[in-house]
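Student: This is what each chain is made of:
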Amino acid sequence: MSYRYIQMAFLVAVASILFTLESLIPSPIPWIRLGLANVVTLLALKWWGMKEALIILIMRVILGSLLSGKFLSPVFLIAISGGIASTLVMGMGLRLGERILSLIGISIMGAVAKNVIQILVTYFIYIRQIHILYLLPIFLFSSLITGSLIGFFAHLVQERISLPLSH
Amino acid sequence: MAKLKNILKIGDLILIGLLSLVIIVSFLTLHFLRINGEFVSIYVEGNQIYRLSLKEDTEIKINGILGVTRIRVQKGSVTIVEAPCPNKICKKMGKISRSGEILVCVPNRLVIRITGKMDSEIDGITM
Numbered sequence: 000m001s002y003r004y005i006q007m008a009f010l011v012a013v014a015s016i017l018f019t020l021e022s023l024i025p026s027p028i029p030w031i032r033l034g035l036a037n038v039v040t041l042l043a044l045k046w047w048g049m050k051e052a053l054i055i056l057i058m059r060v061i062l063g064s065l066l067s068g069k070f071l072s073p074v075f076l077i078a079i080s081g082g083i084a085s086t087l088v089m090g091m092g093l094r095l096g097e098r099i100l101s102l103i104g105i106s107i108m109g110a111v112a113k114n115v116i117q118i119l120v121t122y123f124i125y126i127r128q129i130h131i132l133y134l135l136p137i138f139l140f141s142s143l144i145t146g147s148l149i150g151f152f153a154h155l156v157q158e159r160i161s162l163p164l165s166h
Numbered sequence: 000m001a002k003l004k005n006i007l008k009i010g011d012l013i014l015i016g017l018l019s020l021v022i023i024v025s026f027l028t029l030h031f032l033r034i035n036g037e038f039v040s041i042y043v044e045g046n047q048i049y050r051l052s053l054k055e056d057t058e059i060k061i062n063g064i065l066g067v068t069r070i071r072v073q074k075g076s077v078t079i080v081e082a083p084c085p086n087k088i089c090k091k092m093g094k095i096s097r098s099g100e101i102l103v104c105v106p107n108r109l110v111i112r113i114t115g116k117m118d119s120e121i122d123g124i125t126m
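Chains as they are written, first to last, in numbering that gives the first Met the number 0: chain A, 0 to 166; chain P, 0 to 126.
Worth flagging that the hints you see were computed from the coordinates, not collected in a lab.
Heads up, some of the hints might be wrong.
[Said to hold, decoys possible] Quick list of the computed label-pair ranges, beta carbon to beta carbon:
no. : chain 1 : residue 1 : chain 2 : residue 2 : range
1   : A       : SER1      : P       : TYR49     : 56 to 64 Å
2   : P       : GLN73     : A       : LEU95     : 49 to 57 Å
3   : A       : LEU65     : P       : ILE48     : 28 to 36 Å
4   : A       : ILE144    : P       : LYS91     : 16 to 24 Å
Predicted model, so just to flag it, every value in this text is computed and none were measured.
For every residue, glycine included, the Cβ atom is placed at its ideal position computed from N, Cα and C.
Build out the structure end to end from the sequences listed, making use of the hints.
Tutor: See the structure below:
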């Protein structure tokens, strides 16, 4: 059990580094990021389960936001709600069974959930303007692209590393 | 090297197909609903504080949560020239000129929206 915590802590570190590195790269399109740290969420879901993946995600978002100085800011709340939504949806996707869906499909589902929840949170908490919902098609399109890429990366990683390592 | 063909499963293909369809349909719908704008509405925290004509070139300063945002109306389009927020995403959103298009600055709770003649709620969008 304690060995698993060490591995989870390691993944939190990896995810925080990916998250921070990515935020240093300027995005060509505002509001759209690749979300490299989601590779870690996917792997945690696959190796352990929903609870572990959620713990890793929440710790990563807190650490990442502390590192970028956005803790408890609007950006933080939007990020954490999107992250939780995508983890829950991807967890359910994995339960649907890997015979039907690969990590790519599961990751796309997660990306869509994340973007829909983020735009809804922005709408309900920050900007009560129905017009920001018009941005949804663009976010759906970016979900398709980033979700596929992240799912593919996660697939490549899990082919090479099989955690949880036994010792 | 993993082959994409071997990774993708039937559920993935259905998912990608359906999502692509939704994206194409929503883009087309919004595209055909788009018309050139007439007015610029500026909202802070959901309240409209300005309504300007797109035809008159001006530059105004808006007091938001974080500070002053400078907005320029020029040749029928609107841009955010100066913003107090840390990421400057709203500046990067560029120019808008058509009905339904918006510029948003989340940290500042600022929304700039272009409306058409009839000011209908279903207008359209681009980024």
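Student: For a quick check of understanding: which of the numbered hints are violated here, in increasing order?
Tutor: Violated hints: none; all satisfied.
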